[in-house]
Amino acid sequence: MAIESDVLVIGGGLAGLSAAIAAAREGAHVRLVSYKQSTLKQASGLVDVLGYVDGEPVADPFERMADLPDDHPYRIVGESGVREALALFDEVTDYRGGHTDRNALVPTHGGTVKPTARYPASAAPGLASDDRDALLVGFETLVDFDAPLAADHIEAAGVPFAADGATVRFPGDLRADAKVTRYAHLLDEDRAVETDGGRRLPAREALAERVRPHLDGHERVGFPAVLGDDDPAGVRAALSKGLGADVFEVPMGPPSLPGLRLADRLYEALDEAGASVETGVPVVDYEGEERVERVLVDRKGAEVPYAADQYVLATGGLVGKGVESDREGVREPVFDCRVPQPADRYDWFEDAVFGDHAFARFGVDPDGELRPTDERGDPEFENVRAAGSVLGGHDFPAEKSGAGVSLATGRAAGVLATEEL
Amino acid sequence: MSDEESNDTTEPLAQDGADDPDVETDGGAVDPGDGVGGDDAGFAPEEPTAGEDFEPVQVFPDDETMDLRPGADDCYKCSTCDVNCPVAEVDDDFPGPKFQGPEQWRLKQSDEEYTVDESITSCSNCMRCDDACPSGVPLSQMHNEARGEYVDEEMSLLSAKYWRNRILANYRISASIASLAPGLANAAMNFGPARWVVEKTLGVTSEREFPAFAEQTFREWWTARGGAAASRENAREARERRGEPIDADKRVAYFHGCYANYNTPEVAKALVRVYEHFGYELVVPEQRCSGTPMFANGMLSDARRDAEVNVSSLADLVDRGYDAVCSCTSCSMAIRQEYPELFSFEGTGEVAGSTFEALEYLRIHEDLRGDLADASVEGFDDLAYHAPCHARNQGLSRQAVELFRELDGVTVEDVGDSCSGISGTYGWKEEKYGVSMEIGEEMFEHMESAAGETGLTECPTCSMQMEHGTGYEIRHPLEVVEEALVGDRAGA
Ligand SMILES: Cc1cc2nc3c(=O)[nH]c(=O)nc-3n(C[C@H](O)[C@H](O)[C@H](O)COP(=O)(O)OP(=O)(O)OC[C@H]3O[C@@H](n4cnc5c(N)ncnc54)[C@H](O)[C@@H]3O)c2cc1C
Ligand code: SF4
Ligand code: SF4
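Protein chains in written order, with the numbering used here: chain A, -4 to 416; chain B, 5 to 496.
Just so you know, these hints were derived from the structure itself, not from any lab.
Just so it is clear, the structure is predicted and the values come from calculations on it, not from any experiment.
There may be inaccurate statements among the hints.
Label-pair restraints from in silico Cβ distances [what the hints assert, rightly or not]:
{"hint": "1", "chain 1": "A", "residue 1": "Gly153", "chain 2": "B", "residue 2": "Glu158", "range": "43 to 51 Å"}
{"hint": "2", "chain 1": "A", "residue 1": "Pro335", "chain 2": "B", "residue 2": "Arg110", "range": "35 to 43 Å"}
{"hint": "3", "chain 1": "B", "residue 1": "Lys81", "chain 2": "A", "residue 2": "Asp266", "range": "30 to 38 Å"}
Virtual Cβ for every residue (Gly too), placed ideally from N, Cα, C.
So that you can see chain B by itself, here it is in the shape it has in the complex:
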């Protein structure tokens, strides 16, 4: 199967906002242009992003990849990154981020014979090392690049592992098919004998339950509800109620990602209702996968293909004064950090600079803290909160705990700073399952010793791991906010 073919399986997604006078419907057109599909050689990020005013010295002529030398040179070997790496902590054979990053980068540049070490596939792309390095070495950027090179040059396109990774990374495509008949898919995917075959042939662990597909995707709900026109109506009413100018410029584009669309539409709906409550009108533009699972599997051309759609679609809206909000912290991480590090589509930087996590955005523009302090919720147990690694990297790891501190009717306990261990597709791989659960052990224990039996997190795969390890039900902070602020109006 070539790239083109895998592209064909994607459903056509209409650009929303067709009924919005301010949004041109051709916005975000999928112009295959340069190298969408097929052309892998097209991956050659133009700009070094490490060290802003650095003038690259061409030490390695004819080199097409980005020059990360200033980043590598900033490393003074303190090993803080190694100590923070959750994989190195439990897997003695993993040489750690310092090797994968600055050391391997140097080896790669200085020795023509050097091939990227296989251990790069054991890095889960949690990006904790990035956060740890006191010297600003762009570790995850180095890892993403090395992983891409490993997959391109070392991995056989005929191997089961390659295809297993490719299928896992392109979750959206499987999900879009499965959601055509969610009942059937739910039954089939967790059917024991079939799972055994999948484990043996593809190496997808049979230990895990596949997440259930919703009967109605978020996008279906959104369209049935009246799309952007209905949202504009709701937002106007809310502004009137709040005593704000009726024509206030409160418009956001929602990047829901795959999981909220196919698996947890209740999270996406909560976002819509909370935003409309604050008087924001939403559009739900055309979008593909954010790319996180593709970066983590070294499938950079797949990531590039989807990122191009996302950037062009969001860039049009950003141009028109919209900001973008995400309910998944890995999606916002990808758009904000990984896109500018790896790609240079027109508008990449503008989109990154206008993208926010959903509650973060309300904290900046509204008195969310005050409103929550005056509100109360019912129906939520005491919550055990886990901060996803990618939330931590955006400075959001304490946000939910601090916001809900003053909210009546719920207690939120932070279960500590360990990684959940699943890291997207990582924990789904048969050979990584054990490591993944070992990393998660600390979180499971902390959850179990916390009061209450409901978990809280922003990340869909962390929530799978939390549920898998403890049997708890897991909620999203947006659902708590919806319950606290929107209350009875939730029917809309």
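So that you can see chain A by itself, here it is in the shape it has in the complex:
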């Protein structure tokens, strides 16, 4: 026997989650197996669909999809596929941006302004298209965000408002390398902390008190994205009230609380849809010829068989370990699907750091139904579909399309798999 399900999704990142939620909502018995935590926790938590084409910022991603190369994942699932995936995402999260096709411009911790399709509610009052003056507040102990510098950069990017920066001490005397979750939990719990005058105040109030002297008439105030883990809305509301200004979060580098919150929310949605989940163990092998009959999961030494009718491969790219490379070449390690690559290793890279590197596009090469193909272009297996960063044909850091590709191909793979049942 084996552990059985209708659809087995391998990988628990945005792509796997999107596939599993879509398939479970169509009524399939879905099981998701994931090895490590996904790259969501390092990503900004923004959902980029298409931010740049040929190095130029994109105003309306849907308008530009037809300009993408034929083998781009968006060309395979089509504009409607992307729209339906975003609709599903909007339904299960409280993200904003669904009211328009146009990219929103979100200031980031480096002071750049990033075109993105969906953003967390906490980032909404910070949009660069808003013309209210903004104060950015950094914390002495959180060196990843230099608020005055970020404010200068944002102004230099040509935004229609004045931006200023201030650095304050976070109440509660956190150490210089405190985990970002420490800030968040202090604010969640709103525990009393010591303030300058030796008084004790609830953390949210104490923070507002430190920021007030810098307010100087700004109508909105941006903080690094550490404003709560369990209750971000409550934290922001309390700070907004305490400051008499709209409070927003500026997305940060890894590890990212908006990414953590999004992962939590999507796993909840998966649970609500009735899917089964197992994490901490990798799929290492498979059995079958034209069809995959079953896969083997390595449970710390023992290989446990899992059987399903349909499989979705959503194991991520080079970081997530869905695509592996060494001096010999590049491969997809679970099903050993073909990963197209230049024969000469020196052709994998360009000289320029941000050049058009071949390695950025490494991934399996899908057919029209997202099934990875062999040299002749035939599907490697009848019942395996691939989704997310494991797919080739796109360069997510350059295009700013990572989350969008994962959501769109994930949902499509989940629906296609369910249709075969």
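Assemble chain B with the ligands onto chain A, guided by the hints.
Same frame as chain A, now just chain B with the ligands:
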């Protein structure tokens, strides 16, 4: 006291299966061979386990410890591990897994003067960081190694802390003595003034209740019941009832660990009855502590001593076609992951590859889900389930909730993914008690807001913490399965 002496206090445990024609009774002989007892220098794991096809480059000549460089190099400093560490979350002075693992490993290799930082003793060995790292860095292996080095080189063998840790880590030995007179032990161990003295002299917190010892250990029950011969008989009857071939090859070795033997034999008995119900015949081989509390206290030579017994005893059975099953998720974790990472006794890999958690095994080989969907239970309240960290690491954190979803008569609610905070011996230490309870706070709150006042978990120490923090009674998933499937036949 030397290692030999502490060894002497262990009771002689007969290899079970004496009456099984297929099991040689000398199996699992305790051959002291190389370095059992005394010889601490014997700890030098041979194989690097990080990066399979990695050819080690000897950058640090004369180095005897394992080369974890490929693991350290895989770290790209994303800090995901730090964010997942329950200790770092509440203890501002703990520098976190990234420091304890790849960073300290590099410091250790590159600076001759460098001594392992004391903060390694604040790591509770929950292994959450392992699970978190997207880049596959073998963090807990690095921590185990560093902790062992810290204890060997930094800790005074004359310090109370060393002996306190050693006694806590060797729980099985104390338990085996206590269970000779369980009534007396139960009374004495929780006797207030004595507890005060133990806290002041040894640093064992007096906040906690010592777990009660059972009147009859599981092994005593098992022997009185007729051992492997009786089990074979029961299994045959069950196979006949189920319409399966009478000579079907359904044989498992039960690794019960210390706690189910001395403290909660009802869990072990549930396992026996459930397995026999499915037609499996069991043997209960000679065994010592799985080693989990020893890894967590850096007592690697103690762990090695017990692991060698366990591996040799199980390897013989695995050779003969048995699989091993555990009812404690830290035991299965130790045998499956930590043994191959730290030791290289003959058969370590084979044993790891044939060891399973009890319900996991039935899910693979039987239609457990279907059987439970057709069954119902009485006598269980709504259950608040906590997934132990070590279950999570084996991909088992959702198993009980999903299995019992369709079972009539019980509702199981997952109380979230926080760590319980006790981490075996960790929460017993006077100086760690506060941190332990602070980590557990989230779980207590979730348990209290869940419907029902009974907890459910696979891990014995998590269950102590759940009970301590909420006053709830705590059950094991095997007891629910026993109630659902075995019912009246439970008398056997
Ligand atoms: C640092 C960083 C920042 C980013 N910032 C942004 C951003 O600002 N905006 C944006 O839109 N996108 C961003 N991205 C990209 C985006 O996060 C990814 O493109 C997208 O989330 C990838 O999702 P995925 O599901 O395909 O893969 P992953 O998130 O990599 O998930 C793959 C999962 O599969 C699991 N897995 C791998 N092998 C196996 C196996 N054999 N068996 C079982 N499970 C397995 C992995 O453990 C992992 O959980 C960023 C990415 C990174 C790394
Ligand atoms: S094992 Fe647990 S306590 Fe130790 S560093 Fe890792 S996450 Fe933290
Ligand atoms: S999670 Fe892994 S890669 Fe990231 S900092 Fe920790 S050890 Fe390094």
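**Asked** Checking against the hints above, which ones are violated?
**Response** Of the numbered hints given earlier, the structure breaks just one, which is hint 1.
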